[in-house]
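Residue numbers (my numbering), protein chains in the order written: chain A, 175 to 513; chain P, 175 to 513; chain S, 175 to 513.
Read the hints as simulated data drawn from the structure, not as lab findings.
Treat each hint with caution, since some may be false.
Just so you know, same-sequence chains aren't split out, so a pair can sit in one copy or run between any two.
What the hints assert, rightly or not - Derived pair list, reagent style SDA-like, types lysine to any residue, alpha-carbon separation capped at 25 Å:
(1) K338 <-> C441
(2) K289 <-> F491
(3) K481 <-> G356
(4) K482 <-> I389
(5) K314 <-> R473
(6) K481 <-> I504
(7) K213 <-> N383
(8) K267 <-> Q320
(9) K230 <-> K314
(10) K482 <-> N353
(11) K314 <-> A470
(12) K230 <-> A470
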Amino acid sequence: MFLKNCWYVAAQASELGRELTQRWITGEPVVLFRSEAGKPVALEDRCPHRSASLSKGTLIGDAVQCGYHGMTFDCAGSCVRIPGQEQIPAAMKARSYPVVQKWHWVWIWMGDPAKADEALIPDLRYNDTPGWTVTGGVLKVQANYQLLTDNLLDLTHETFVHTKTIGNAAVAETPMESNVEGNEVHVQRVMRNTPPPPLFKRVRNLTGNIDRWQIIRFQPPSSVSIDARGFPTGTEDAEQGLRWFSINSITPIDERSSNYYWTITRCFALDDQEITDLVHKQILATFLEDKEVLEAQQRLIETDDRKKIEVSVKADFGSIHARRVVQRLIAQENQGSAA
Amino acid sequence: MFLKNCWYVAAQASELGRELTQRWITGEPVVLFRSEAGKPVALEDRCPHRSASLSKGTLIGDAVQCGYHGMTFDCAGSCVRIPGQEQIPAAMKARSYPVVQKWHWVWIWMGDPAKADEALIPDLRYNDTPGWTVTGGVLKVQANYQLLTDNLLDLTHETFVHTKTIGNAAVAETPMESNVEGNEVHVQRVMRNTPPPPLFKRVRNLTGNIDRWQIIRFQPPSSVSIDARGFPTGTEDAEQGLRWFSINSITPIDERSSNYYWTITRCFALDDQEITDLVHKQILATFLEDKEVLEAQQRLIETDDRKKIEVSVKADFGSIHARRVVQRLIAQENQGSAA
Amino acid sequence: MFLKNCWYVAAQASELGRELTQRWITGEPVVLFRSEAGKPVALEDRCPHRSASLSKGTLIGDAVQCGYHGMTFDCAGSCVRIPGQEQIPAAMKARSYPVVQKWHWVWIWMGDPAKADEALIPDLRYNDTPGWTVTGGVLKVQANYQLLTDNLLDLTHETFVHTKTIGNAAVAETPMESNVEGNEVHVQRVMRNTPPPPLFKRVRNLTGNIDRWQIIRFQPPSSVSIDARGFPTGTEDAEQGLRWFSINSITPIDERSSNYYWTITRCFALDDQEITDLVHKQILATFLEDKEVLEAQQRLIETDDRKKIEVSVKADFGSIHARRVVQRLIAQENQGSAA
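Please take these sequences and the hints and turn them into a complete structure.
Here it is as structure tokens:
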């Protein structure tokens with residue numbers, strides 16, 4: 175059961191061009207491409223005629239021709255050609271989805287198009303703000319999307335999973351402060367006078383201790399941005415330290431797998447490609463560590479016959495409340511559609 | 175749900191010899207071999223004792239010895255030996271299936287043996303007629319067998335899937351004529367003064383336009399023969415043109431996969447091995463294109479959660495009526511067995 | 175449905191050390207290791223916090239630290255650390271299982287710990303008796319554990335499956351004597367003045383005929399030991415012949431797969447490593463033949479849609495009664511837990 179009336183990331187803006195690209199999103203097949211004018215387009219990737227994948231067809235101008243019997247659909251999903259037949263049945267339509275390019279990514283609305291309000295796109299502005307340099311990617315993870323948001327809302331795991339890059343003892347030892355504001359969940363950890371983790375040291379040549387902040391913001395259904403700061407102890411000086419946002423948005427492929435869209439966007443050494451490459455490589459390695467943990471977790475939950483109720487701790491405040499928000503929104507959505 | 179009281183192709187005649195061959199047919203395991211006298215034999219491929227595959231055993235004379243505990247069964251499936259025991263329980267019997275070698279293939283009757291009438295074998299005589307040269311094979315396709323008969327009953331797809339061999343624009347543009355005669359469905363397309371498709375050109379050195387016929391005959395449950403003709407425009411002269419039958423019979427392995435038996439049988443250049451090899455290679459490549467489309471279609475139907483009603487067009491007349499015939503025959507069969 | 179109040183082999187004693195080892199047993203994930211004192215320990219391999227596999231964590235002294243958020247559990251499964259939190263909820267406990275090292279193997283009790291009586295460990299003493307040399311291993315087999323015990327309780331199959339090592343015609347031809355004693359099932363075959371099978375010849379340089387005994391003892395839920403003897407005809411002289419125990423214990427991984435623990439323990443040529451290597455290699459090859467048969471059997475039972483009632487023969491006495499014992503014990507266990 176997924177929230178449908180909301181925006182999910184369908185692709186990185188850089189991934190879409192004039193070739194047909196297939197993505198499964200919340201259990202539905204979608205074909206993505208850019209129109210000749212460069213506008214992103216999303217249609218259901220299933221020919222209404224005989225269920226062939228439109229993404230295996232051909233893009234002709236701004237229309238998609240099915241690779242099986244040649245039915246052709248425009249950007250609105252209307253059928254514009256049936257080979258050997260003049261009349262086009264009204265039902266011969268491929269569903270089209272609202273799409274918007276914003277914050278480095280292309281967003282898709284899987285629910286009622288009438289409700290697709292761009293203002294509801296999660297605020298991930300640091301992905302696309304002058305004075306900030308962004309690097310990122312997408313990772314397929316064989317785990318339910320909420321295992322990924324759980325992961326991002328409790329960074330305690332950095333101490334145990336990410337010792338080579340962004341984790342050290344301080345993270346796990348420092349309690350968090352958390353609160354819920356409307357549909358957002360905020361979690362914050364402030365570590366004073368603490369050794370910098372390995373990647374911070376390498377990126378900013380930090381030698382002494384730092385004050386370190388992790389300011390986490392969850393926006394439903396599955397975006398988590400982390401304002402990460404590490405400044406020489408007592409200075410509060412970004413110039414001497416590190417500040418970046420780790421911006422994450424998780425798109426459910428189906429109940430058991432997800433596309434994990436991520437960026438690191440920083441406000442220092444803006445044009446330093448070496449720093450960009452280093453950060454990209456190290457953060458990717460970090461997320462591959464998560465992937466391994468999360469996929470093992472998914473497998474265990476699926477395979478273990480026994481129903482087990484998980485035991486929570488204080489650090490789970492964020493993930494528990496984020497799940498509650500999504501659960502409430504899904505309930506509202508279903509109530510709405512039932513009315 | 176499969177039709178059982180009917181003939182399916184179990185194997186190409188050339189495939190069967192003195193080794194034990196396993197085939198799954200309509201969800202049941204079957205072991206096939208030839209007797210010492212050369213007669214094809216089919217038993218259920220499941221030892222009644224402890225469910226070992228008889229096909230992993232040994233053929234001794236005309237009897238199959240199970241490879242696990244040595245129970246031995248004759249061509250009628252009667253147990254003729256239980257090691258270490260004189261008395262043979264009446265229930266120790268492997269089911270035997272009626273089999274007939276006809277039209278290049280070995281046919282099996284999966285239903286009530288008392289109803290197995292050879293006259294019900296689909297008429298595919300051009301597979302085995304003097305003055306015709308046949309080449310063919312069998313292809314495993316991960317798709318329901320009716321997706322394959324659908325495919326063969328609407329050749330519009332040649333224009334989009336088979337542009338390298340037998341498809342060009344004329345096919346899709348020319349309307350079809352169709353009709354139902356008893357349990358048979360007939361679909362016909364006549365293309366006048368049209369460019370020959372690439373393979374016709376190569377095989378018959380055609381330079382100018384042709385008149386082209388596709389005369390399709392469906393016989394239940396899953397045989398489709400296509401009388402294909404391409405003669406220089408206005409000549410109706412087979413000598414200068416191409417005529418062959420594309421003969422196809424699809425055997426369900428289970429609900430999700432099929433064995434696709436196919437031949438091309440031609441009435442020209444009978445002894446020209448080069449032509450035989452060319453046709454075989456090109457038609458196999460053509461059917462591998464179908465396989466890719468059909469398997470993608472099957473995957474989509476299985477994976478997409480949403481129930482979708484497909485929208486039909488005029489060109490679907492043949493496949494729709496062929497499905498209706500099979501549905502009616504299955505209903506009659508079930509009614510019969512309930513009575 | 176598995177018997178839980180009983181001992182299963184969890185590992186060979188030699189397999190366990192200071193690294194964390196995962197095994198699935200009767201559908202439950204278990205993590206195994208040795209304490210600093212060398213005692214085998216078994217915990218459920220599922221962190222009660224967020225279902226990570228504890229076996230992917232770290233062994234610190236005698237405690238297991240979860241690799242995800244650092245929850246740490248002692249050998250009794252009690253949580254001794256929650257990072258960033260003083261108070262430990264009572265429910266934060268990993269289940270611990272009784273384990274005992276005995277007869278070359280480490281045994282685990284998957285049911286009610288209060289009922290875990292060491293006296294109930296199957297008597298496999300020849301795995302660990304002075305004057306006997308043991309070799310063995312563990313094999314994963316994709317088949318239900320009872321297909322394996324069936325296999326061991328009817329050695330008729332040696333004649334058909336193991337012709338290269340321990341099977342010849344005499345085995346299948348000689349009737350068995352069987353009886354049930356309490357929860358044990360005994361099957362015995364005595365072959366007088368019979369040619370030795372190939373492996374017997376090689377191991378003991380036997381040239382003439384032998385008297386051969388197979389004395390099989392089933393102890394529930396899934397241990398089968400075979401007292402195998404082959405002495406020159408009429409001599410009853412172990413010195414000139416072969417005597418070993420084939421000791422087998424099958425641990426269900428889940429309903430469809432099993433770990434097959436096996437040994438051969440012999441009372442001759444005790445220190446002859448060449449003989450040990452030969453026996454190990456040949457018996458492993460023999461059991462790989464069984465694995466192939468058993469996995470095909472499992473696949474057939476799973477894939478064939480039709481429900482088929484198997485037909486039994488006299489040689490099935492042992493396996494039928496062994497299954498009845500296990501069925502009765504499971505029924506008693508469920509009745510007990512319902513009461």
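Right, here's what the structure says about each hint:
no.	hint	result
1	K338 <-> C441	within (23 Å within a copy, 54 Å between copies)
2	K289 <-> F491	neither (31 Å within a copy, 39 Å between copies)
3	K481 <-> G356	neither (32 Å within a copy, 35 Å between copies)
4	K482 <-> I389	neither (32 Å within a copy, 44 Å between copies)
5	K314 <-> R473	both (15 Å within a copy, 19 Å between copies)
6	K481 <-> I504	both (24 Å within a copy, 21 Å between copies)
7	K213 <-> N383	neither (48 Å within a copy, 43 Å between copies)
8	K267 <-> Q320	between (33 Å within a copy, 24 Å between copies)
9	K230 <-> K314	both (21 Å within a copy, 21 Å between copies)
10	K482 <-> N353	neither (27 Å within a copy, 43 Å between copies)
11	K314 <-> A470	both (14 Å within a copy, 21 Å between copies)
12	K230 <-> A470	between (33 Å within a copy, 9 Å between copies)
Checked against the numbered hints above, the structure violates hints 2, 3, 4, 7 and 10; every other hint is satisfied.
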